[in-house]
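Chemist: Protein chains in written order, with numbering that gives the first Met the number 0: chain F, 0 to 343; chain G, 0 to 343; chain S, 0 to 343; chain Z, 0 to 343.
The hints are simulated quantities; they were obtained by calculation from the structure and are not laboratory data. For clarity, every value in this text was computed on a predicted model and none was experimentally measured. Do not take every clue at face value.
Same chains, same names: a pair is fine if it fits in one copy or spans any two.
Unchecked claim - Simulated crosslink set (DSSO-like; lysine-lysine; CA at most 27 Å straight-line):
#	residue 1	residue 2
1	266	199
2	39	161
3	56	199
4	254	202
5	249	134
6	300	161
7	202	300
8	302	199
9	39	261
10	161	299
11	300	249
12	39	249
13	266	56
14	163	302
15	199	254
16	199	299
17	254	163
18	56	261
19	299	202
20	161	2
21	37	202
22	161	137
Number of protein chains: 4
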Amino acid sequence: MIKVAIVGGSGYTGFELLRLLALHPDAKVTEVTSRQYKGKAVTEVFPSLTGFYDGLKFSDPEGFKSIEADIAFSALPHGASQAAVPALLESSRVIDLSADFRIHDLSVYEAWYGEHISPALLNEAVYGLPELRRKEIKGARLVANPGCYPTSAILALAPLLKEKLSDASSIIVDSKSGVSGAGRQAAIETSFVEVSPGFKAYKIGSHRHTPEIEQELGAIAGAGVSITFTPHLLPVSRGILSTVYANLSKGVSMKEVHSLYKAFYEKEPFVRVMDEGRFPDISQVRTSNYCDLGVFVDEKKRKAIIVSAIDNLVKGASGQAIQNMNIMAGLPETTGLIAPPVSI
Amino acid sequence: MIKVAIVGGSGYTGFELLRLLALHPDAKVTEVTSRQYKGKAVTEVFPSLTGFYDGLKFSDPEGFKSIEADIAFSALPHGASQAAVPALLESSRVIDLSADFRIHDLSVYEAWYGEHISPALLNEAVYGLPELRRKEIKGARLVANPGCYPTSAILALAPLLKEKLSDASSIIVDSKSGVSGAGRQAAIETSFVEVSPGFKAYKIGSHRHTPEIEQELGAIAGAGVSITFTPHLLPVSRGILSTVYANLSKGVSMKEVHSLYKAFYEKEPFVRVMDEGRFPDISQVRTSNYCDLGVFVDEKKRKAIIVSAIDNLVKGASGQAIQNMNIMAGLPETTGLIAPPVSI
Amino acid sequence: MIKVAIVGGSGYTGFELLRLLALHPDAKVTEVTSRQYKGKAVTEVFPSLTGFYDGLKFSDPEGFKSIEADIAFSALPHGASQAAVPALLESSRVIDLSADFRIHDLSVYEAWYGEHISPALLNEAVYGLPELRRKEIKGARLVANPGCYPTSAILALAPLLKEKLSDASSIIVDSKSGVSGAGRQAAIETSFVEVSPGFKAYKIGSHRHTPEIEQELGAIAGAGVSITFTPHLLPVSRGILSTVYANLSKGVSMKEVHSLYKAFYEKEPFVRVMDEGRFPDISQVRTSNYCDLGVFVDEKKRKAIIVSAIDNLVKGASGQAIQNMNIMAGLPETTGLIAPPVSI
Amino acid sequence: MIKVAIVGGSGYTGFELLRLLALHPDAKVTEVTSRQYKGKAVTEVFPSLTGFYDGLKFSDPEGFKSIEADIAFSALPHGASQAAVPALLESSRVIDLSADFRIHDLSVYEAWYGEHISPALLNEAVYGLPELRRKEIKGARLVANPGCYPTSAILALAPLLKEKLSDASSIIVDSKSGVSGAGRQAAIETSFVEVSPGFKAYKIGSHRHTPEIEQELGAIAGAGVSITFTPHLLPVSRGILSTVYANLSKGVSMKEVHSLYKAFYEKEPFVRVMDEGRFPDISQVRTSNYCDLGVFVDEKKRKAIIVSAIDNLVKGASGQAIQNMNIMAGLPETTGLIAPPVSI
């Protein structure tokens, strides 16, 4: 039985870790911290969990240095994780859900995020996208769990870039995310009244997930990749749909590209490449660890349009983190993660 | 042209006053205050109003003592209005959208709200429900604009109580309100993620609109009225639906009660009594100043079920406030308020 | 391994049976029928199930006479089940999710629904609410799975009526249901555009779940019960919240009534009585088989207000049906049904 | 007073015409037809309009040959309008909200839509986008009211193409539309339960609005334009947001492009170019005839990203149709159309 600690467990990724781990046969949450709710019962903050974590209380995060767990998930905000992770690593292997350890190049990190207080770990951290880095994850001491947008973009583009079928400088990633991506926070911008009739683009040309996507696509392509990334805010709780436009470097047919995707992800338990002519809907992956992919090729224009759908809180965060934990612990990768999406 | 000031104008009732007054032919907003946004352009905070209030900035509410307006709307929170209204009255007639001046009996006020710092005005203030107090409103210096729930409950019950057809001690008001009723605030409880899949009752047996409903129904009945009031939070932005249960004091038919309602509201421009067998939907009054009423009688059980629907921000707040302004100014009551509801 | 057939499996209750049974360790769906989709792959109609039912096709319901299953769920519409169930009973034990076998008294059935073509089975059918009829369910050949509204109302009222604490003729059940309760159908009334800004009462005084609630409450009370039942349509997909008003037959305190509920449901795995002062939200039971209950007593008025929340598709339909299957098969009642609600 | 007839008036564009014309000072709806609802009161089908069209009934569309109106709006579905318009033209000037007369080139029409039964009118019809064709609209006998997606795309791109700043063969239009764009229809695909948790792309590479956008952009550019157009379905009732990507044909700064847009639309009453760094939200144009535009330039990549927002039922359909009517009738173009958007 894996002893699990969750540091910063009262946000949405913390809630999802609790929700999913409640059914994990080989892991048990022994500690969960929260500055805001320290001392409160987990089920008081999250009544839906009544019956699953009775007796467990949020503990003071000041104490996380003394955490004794096999795996510590850090669900702290960006910036706060940098300070916490070195201490956590003294007793546990760590899966960090923040952006703090995803960028390997310190200068890139600093350009987008500012100063880093634990730069020595940037190189050691393994980018935890199992479909691409399963082997390194297995032995990692520190896994940087991918961002939600990057997961959707990288899985959509990996086959094309691996096969050098896409121009690397003109890719457009037009992404749309549900509101839970903004975190569990009190803000007028994410209130029901403001969000429910709305839809907008935000941080055009400046979203911090851009260098993360470029880093990982570059590694696949073996060359520099530069993307145009436009995130949007959807009036739903969960889900990211990315519509990705790539200029093909040679004439290939829809059928060929579709076959490439089918083959590339054939053995992946959580990537479902849809039949030709069918495209994903975020509702069809809701609450699950699946990434659904749809493939279209405009043969005349030599342009591929790949559409990917994930649940931002599951494959885009906590589900993927548990998938990483399973790999690190030598468990079957799907342990505790196989359940039909709740599409309605 | 009526010169209008709005004090505390950056909340949802302030926004609705601005939205509705933009089209009022005989009124002009000359000042709007906001502590939070002072100095900012109105259209920066509310981009939808671009083209309607260009040039107008939120002013410092500290200055409201010097406001020179014909009508000042106070859209301050409960408690804050008490302090502001006496000063406003020095230069303007005042329509207060808070609860501060709705209760006439100081001891009742104190039991539900605590201390009152301007108790002398409690008696002078006119409860601004035009359908019942049109004449007093006309000459009033201070109008206490009704609460949203009370508007829906009182209009649903007035005909029955006026005719002494309902038992006065067993009335149940089961109300459901959209989220904008909670105000424009940053709070996890009203965030999109928390609210959109939910529905709940809250403040059972203890909501502060209870004494307001009882006061006004008692005045109609000419006797004490005691209600059971249960508010619920609906995952919509706008709208209140109240399902009201009253035990009839004698055997009357559905047809008779329906005719009573038709007659009672025959000349009211903003109350639409639906045909027998039809019942209101909050979508059908959305954005408008209408109150739709549906009437049902269980003749065997001698029980009436009255269903009322309003837009909580319009007939339940800002629209009704403008209706009161029209009355006070001697204008046709419907000026600037006649527009079809935006039902979809 | 229990062999399961689902007759009429392409609606929402069919989908939920498939979703929940995908994870049941001791049951396997071997056949699912659909007139509309016969011959189509289950995963084509429900793409979210891709990976769970690959290879299974909807079969022609004309063939259900030859179904060989241990348990047949009939998810046919009301009326259609009457014709199908006798044939299904020839080879299987049957759990019927329609209303066709819930009413024991033929004359009551006829008054509310019209003619019944298999009246002989009305007496044999066991009303499948496990909390009240566990023993009879265990040996039943035909279980009539309760309606969604009745489940929420009966669980809310059972303790009060069992203890004869409530007046039996003045109970009011004010219920609010999500849209999936209307079934998976093409209709303007349930379209996104019409429903999303709306909320309304419907079938006031005439909803067919009324006699079902009265029958079961009467059985608990040992005397006739007559209720006032008002259903409403909520703009959410899943969930029923019932706000139930009961006049207490003697003076009892909030504390006493709360203790009674705690004791009554102490051993029930799927009923969660909330702490005093806390009340349920449909989001907190979403996708789960739980019924959450909140208790309030107005001691002065001698009135109890009980609030219950369920997921109409789970505890209100398919989850409860699987709970019944577990009981009939001698399995632990919670098999395959324990998972945290997806509250966001 | 303009006498107005609406043919096919029971869909959402019909409803919006009725809603908006209710407040038009110089127009009066004298006839509205509906095959489905003929003989029924308009206010029975649309209860929100109670008080505005009392007495008006849907008439049999078979009779539209005898319509005597100054302006006839055809809100019939695509295909049906072709048959109706020639007859309507015998007595009225016609504004057609369908796609039937938007394409001037018969061969292009046939390639995307199939046969046309009134091809002679294709050339005469004026494409009714006032910002581009105000003069031709004024004298037109038949106006083809633009599609919703095309309105959002063309207004976003017109300044760039007019100035020959954009490459004409690589434009990407990634559009997201609310559900009302699918019309008022009974369909599982647009039901609340299916739509509310979802978001998806549809008709990738094959949506019929593509040639309409290309025709109009080509006319502006004075050269052939070929676009990649991807529509998506948003879980909101109203609104289209288009995120448009254009490769700039020379190095221009954000400031220059922003100034160009400001100047281009300076005198347009319904186009609001936002300040630099601000981008539109569909909620901020909701229920109004405005098109909000946001401008971004990635100077390094020489790529412009233009974001446009409209209400698909107003500027994308009925509001624009009334704007066209005003122009045709010689009225101020904004008559009856100036009202703040209902952003919450």
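Chemist: So which of the earlier hints does this model not fit?
Modeler: The structure conflicts with hints 2, 5, 12, 20, although it agrees with all the remaining ones.
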